[in-house]
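Residues per chain are reported as follows:
2 protein chains.
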Amino acid sequence: MNFIRLIVILACALNVVTANAAIDWHEVVPGVWKGIVGTPEDYSLLSVADCKPNLDGFSRLPQVGLPALADKITGTVSDGKTSLSIPLVKNEQIYGFGLNFQNVHQRGKILNLHVDHFGGKDTGRNHAPVPFYVSSAGYGIFVNSARYLTVYAGSGARKDSPDAPVAKDRNTDRSWTSRPYSDAVSVLVPAPGAEIYLIAGPTPMDVVRRYNLLCGGGPLPPRWGLGFTQRTPTKYSADKVKNEADEFERMGYPLDFIGLEPGWQSKAYPCTFEWDSTRFADPQAFVADMLARKVRVNLWTNPYVSPDSKIYNEMYPLSGSHTVWCGIVPDLADENARRLWQDKLDREHIGIGVSGYKIDEVDGYDFYLWPDVATFPSGVSAEQMRQTYGLWVQKVTDDAFRKRNTRTFGLVRASNAGGNSYPYVLYNDNYNHEDFITALINSGFCGVLWTPEVRGSKSSEEWLRRIQSVVFSPMAMINAWSSGTKPWSFPDVAEQVKEYSLLRMRMMPYWYSEFARYHFDGIPPFRAMNLEPGFNPETAASTVMKSTSLDDDPYLEAVSKEIKDQYMAGEYLLVAPMFAGQTSRKVVLPAGDWYDFYTGEYVGNARTLEVTPGLDRIPVYVKDGAIIPMTDPLLHAPTKGEKYNLEIRHYGKKDGHYRLYDDDGETFDYEKGDYAWRDIKVERQKNGMLKGSISKVEKNKPNNIGKVTWRFMTENK
Amino acid sequence: MNFIRLIVILACALNVVTANAAIDWHEVVPGVWKGIVGTPEDYSLLSVADCKPNLDGFSRLPQVGLPALADKITGTVSDGKTSLSIPLVKNEQIYGFGLNFQNVHQRGKILNLHVDHFGGKDTGRNHAPVPFYVSSAGYGIFVNSARYLTVYAGSGARKDSPDAPVAKDRNTDRSWTSRPYSDAVSVLVPAPGAEIYLIAGPTPMDVVRRYNLLCGGGPLPPRWGLGFTQRTPTKYSADKVKNEADEFERMGYPLDFIGLEPGWQSKAYPCTFEWDSTRFADPQAFVADMLARKVRVNLWTNPYVSPDSKIYNEMYPLSGSHTVWCGIVPDLADENARRLWQDKLDREHIGIGVSGYKIDEVDGYDFYLWPDVATFPSGVSAEQMRQTYGLWVQKVTDDAFRKRNTRTFGLVRASNAGGNSYPYVLYNDNYNHEDFITALINSGFCGVLWTPEVRGSKSSEEWLRRIQSVVFSPMAMINAWSSGTKPWSFPDVAEQVKEYSLLRMRMMPYWYSEFARYHFDGIPPFRAMNLEPGFNPETAASTVMKSTSLDDDPYLEAVSKEIKDQYMAGEYLLVAPMFAGQTSRKVVLPAGDWYDFYTGEYVGNARTLEVTPGLDRIPVYVKDGAIIPMTDPLLHAPTKGEKYNLEIRHYGKKDGHYRLYDDDGETFDYEKGDYAWRDIKVERQKNGMLKGSISKVEKNKPNNIGKVTWRFMTENK
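Chains A and B, in that order, are what the protein sequence lines are. Note that the working numbering has the first sequence beginning at 75, numbered continuously upward. Note that the working numbering has the second sequence beginning at 75, numbered continuously upward.
Treat each hint with caution, since some may be false.
The list treats identical chains as one, so a pair stands whether inside a single copy or across any two.
To be verified - Below are the EDC-like pairs computed for lysine to aspartate or glutamate, each with C-alpha atoms no more than 20 Å apart in a straight line:
{"no.": "1", "residue 1": "K242", "residue 2": "E435"}
{"no.": "2", "residue 1": "K233", "residue 2": "D382"}
{"no.": "3", "residue 1": "K195", "residue 2": "D440"}
{"no.": "4", "residue 1": "K314", "residue 2": "D509"}
{"no.": "5", "residue 1": "K477", "residue 2": "E745"}
{"no.": "6", "residue 1": "K717", "residue 2": "E772"}
{"no.": "7", "residue 1": "K746", "residue 2": "D257"}
{"no.": "8", "residue 1": "K233", "residue 2": "E388"}
{"no.": "9", "residue 1": "K770", "residue 2": "E606"}
{"no.": "10", "residue 1": "K384", "residue 2": "D420"}
{"no.": "11", "residue 1": "K242", "residue 2": "D382"}
{"no.": "12", "residue 1": "K233", "residue 2": "E606"}
{"no.": "13", "residue 1": "K233", "residue 2": "D408"}
{"no.": "14", "residue 1": "K126", "residue 2": "D473"}
{"no.": "15", "residue 1": "K477", "residue 2": "D690"}
{"no.": "16", "residue 1": "K728", "residue 2": "D698"}
{"no.": "17", "residue 1": "K770", "residue 2": "D748"}
Honestly, the hints are just simulated from the structure, not real lab data.
Go ahead and model the full structure; you've got the sequences and the hints to work with.
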């Protein structure tokens, strides 16, 4: 025992200070370099996610060399922890660090990246505290650690910094600031080593693409996943759920999948994963009945196992030391625990046709989940398990569907780096429309999807405003299991709600292609304006107030330009949601001519609009030359092999080009090449008129397209 | 290098899991046992504070054996961290974990003990996150670690716990709770070992006393420290400060010391520690002029060294890697840095008669202080330095005064365990009167002092209510450097303010004796009702609402009885502050007869009063048999050798006994035995009348008492 103790002491002593060393970089995929500091842990975000880089996608990115700042990035191991320092220059802004709800600009923030529910402030504790950021200077940094990282995103100044701020006398100098300039991002990794990735651009969008492709690219949802979804009250029976689906059909509102809340289980919190026989006497028949209605079934669950579950006894030795709501916590780092849980889900749900899950409470908060003192049989620490549990539940369930060659699209409350390709959308208990939009923007910086879901509303105005936003998001969900609200519950806006719900369906060819771009090229379908070329709110907005101390504090300057209430949806659309109570808002247009989505009229170029769209409209603008492929106002997404018509819209005056994606919409056969990209072109003819064309489908490739019509929104009228 | 890496890996591997072992306890002082888990770090809270247990004080506590729960406390080293588990039983409540502002009952809380400003919620981040708690069952636990500790104060349940909560179905069982019962406190120490102390009672008060005595006992302030203090606007000159003191004298308001804010320094934030020559041309003469007025000088500072300070160059190599407001951070774990700073203060302030400091910004917050990636030449980590910096600045300055055999009493923004005997009072930027009272209550559980200071007020009502509270606190401070408010600024309550200011002065013999009890016996002068025998709000209050699920959730029951707006001041007084806007309040009286402080009238026994005291009065109640020694309404505390008269009050019907403490009031000669305890007795005579007596002073002991008068508040009228 003394020998062991000696070694520990010796190791600690040796570990105390390592020289502040530059990092040895090696390129792992094109434009992405990995550096090793100290002795990184084997258990990491990427090792859990086990994702394979999408190498094909990199081939469509520019060739780049190691960014110059590589030499200035340092890593040190001290006090058993690793600290990383990445330089910043003046006027540089940084984005990312996970699914933040309040800010897009991260420079100056201090964050503790910790998987948790969102507690009302951007502290780094959230549902996907991804340790990745992208700089406006066109590079990115990713730290592959499953620990609670502390990030000083340009806060704190070294006394020996070449760019150190200068001391001022607070007694007499009005330019004194409580937060002096900082020229570095510092990251503290509480482990004796870390893997750091330096990701090249040249543009910030290229950085984001490389990061997503490194992590396997975005998910390609089944086509139905992009339709409309509703969640029913927790104690609904099979008949009530079927009635609900029928009512949507009768009322003319689209519905592709319906979510059952905890009451479908015989016991919940903790869970049995078994159907409640009083409400669902014949689950197989129920699921089949729903599928016959073209409405798929999604099941709520959390992973904590009830003593009444048939897998409890077998799971007990494979679970952590502490319970959650008195349920045991499967040690999902253990293959046997994963298999046991997956088999249960497959046998009793997926095998009978259930299409997806809503996996709840894998995020936090501390009062609910296992404490940091918990232990797991695999030896993975409570902290590491907390950071990766969201990844594990996605992996286990996604893999179950994959084994049946059927895609899923579900909901999960936690994710992290590496989860980029899992077909899951994040959600939470917060219900602030503005925060939801900021989260949607930030989701594009961290490789996750986010839904600004609609639950209840205090007014018809709020109901419609929220519906308008959710239509332009990864998952068009009415999550009214608690409020019981239906799309038509507010009669004075029921028609507008229907119009937007159907618009979601009409835009399905566009959404599906944009998700394909996420998958194949790493381009997030929903993302910040900051990734858009020519976006400069400073020059665009004469109305943006200027800070008086801009010259002194470049950080302040950057903050003054933060835009967190408008975003890009796919290649061409700029969405500017309206919030209840607003009658007008400002919209910052990037450089280039922009057109109104609804009318095709020109609205401006590199300027700030003040718009008053009325309650019927969410402001949406379209780039010059945009091609938006649409279809009919279907009530359900086309199923495998079902043809759909195209209405191809063109906006503005420029020639246009769009690559339309198509496959069977349901299976993983696209991974074997069973997909088609079709070139849609709009070109100006000699007669001055615009004309559209669509390329033929290659031999043996899927083709689900029926009738094609053209609609020139700005010209040819 | 490979050999080193091998050792590190080997050590980490071996360190992963240690058996969940019972702890080997050994008694370090009477009733206090120390246990070692893993390999504790040398740098700890107690090693920094370097306090000597007050052994004499233990002799006046009951003899006790090792508490039975000792066997059930376990410690484990896993993942390089130490986790401690201490059992809880039903209906047990726990108190402490530092200077919390919102709650007294800590059971069920999750806290991250981290020195910081108070950010509006009790998260464990505060000015004194002391890792000590006391149980209502009559034992205490102290973890001597200078790390950021995570505490689950009865949250989280082990699956193998003998007292594990039982799973319930949320779908159908209304008694389901999101926070099931937990039968343990867990503490995560992020280090491969920890020292844990188990402190016996038998009563909770005995536990608190033992904890304080282990840490050297409370401070004995100079007599003037218990007088009134005011802080002047930051750019006041020497003349203006003198005028301010003269104005207090002329208006008839007491004043013992006056605080100068940053403007006394030539540069501040960061600091030179040097007098500003334009405002203070002759500091020595200024301080002497003030002392001639019987008003002492206290100087604001923070420890961050300006490049313009004459000690900057010498301090540079002795400072941390990162700056605070562009000032270097002295590595106070290094003796040379301590000496350099101390010499500066001694030479330029203490040596010319300055009496104390207000040491600011040693707490937080993260945006201001050094980041956790900072390093210090001593090898002490940024985390450890953050947890102990408040201790270091107290130690350096206290020691400077001690070398001149003169006591100080000052203000500091951060402390921690071990700082119990430093003559400093904590304060902060929060300004919520209710929170301030709760902090005052909690200060008594964690060995620190706290002032509910008065700054500005929105109304004369608030001004008076705050003054009334601060009079019954460790430091009677008007901290109006920003608002410029004077005690007489609200004319309609100026007389009441004067009355209470003078009451503070009249009660000085009581306050001074109660602080002596803190020093010699470890009894906090200001403390929770929960330490008072016979305090039971449940039986006292018919009006306290009962939770409907008391049977299911003992934690809820405990919370329902939390009292956080009344406290004990010294041996006999129960103070129940009124907050602006209140016209009435409830007061819970412990068992025993209680009397009104102002009238001597009987008010009740073990019951809840509803009181409507009017604006002129803060409700204060006195125990039966209480003896309160008072003096004349002086404007300044008696100086060394100055006699003061006694008015000895007796309350109620019981015989009384009080031990009055006396010494020179200014030096450390009391540590050599130069002090006197005098027995004051009130006994019922054969004629039924009460009669008082005071013992003679022993030979060669100090005696500053002049005329003695008796006042029987309840009887003999």
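Quick rundown of the hints versus the structure:
1. K242 with E435: Result: close only across copies, 17 Å inter versus 48 Å intra.
2. K233 with D382: between (60 Å within a copy, 15 Å between copies)
3. K195 with D440: Classified as both; 16 Å inside a copy, 15 Å across copies.
4. K314 with D509: neither (33 Å within a copy, 51 Å between copies)
5. K477 with E745: For K477 and E745, the Cα distance is within 20 Å only inside one copy (13 Å; across copies 79 Å).
6. K717 with E772: within (17 Å within a copy, 108 Å between copies)
7. K746 with D257: neither (47 Å within a copy, 55 Å between copies)
8. K233 with E388: between (57 Å within a copy, 14 Å between copies)
9. K770 with E606: Result: close neither inside a copy nor across copies, 31 Å intra and 88 Å inter.
10. K384 with D420: within (14 Å within a copy, 74 Å between copies)
11. K242 with D382: between (66 Å within a copy, 10 Å between copies)
12. K233 with E606: Answer is neither: 37 Å inside a copy and 51 Å across each miss the 20 Å cutoff.
13. K233 with D408: between (46 Å within a copy, 18 Å between copies)
14. K126 with D473: For K126 and D473, the Cα distance is within 20 Å only inside one copy (14 Å; across copies 62 Å).
15. K477 with D690: Answer is neither; intra-copy 44 Å and inter-copy 78 Å both fail.
16. K728 with D698: within (6 Å within a copy, 93 Å between copies)
17. K770 with D748: within (15 Å within a copy, 105 Å between copies)
In terms of the numbered hints stated before, the structure departs from hints 4, 7, 9, 12 and 15, listed from lowest to highest.
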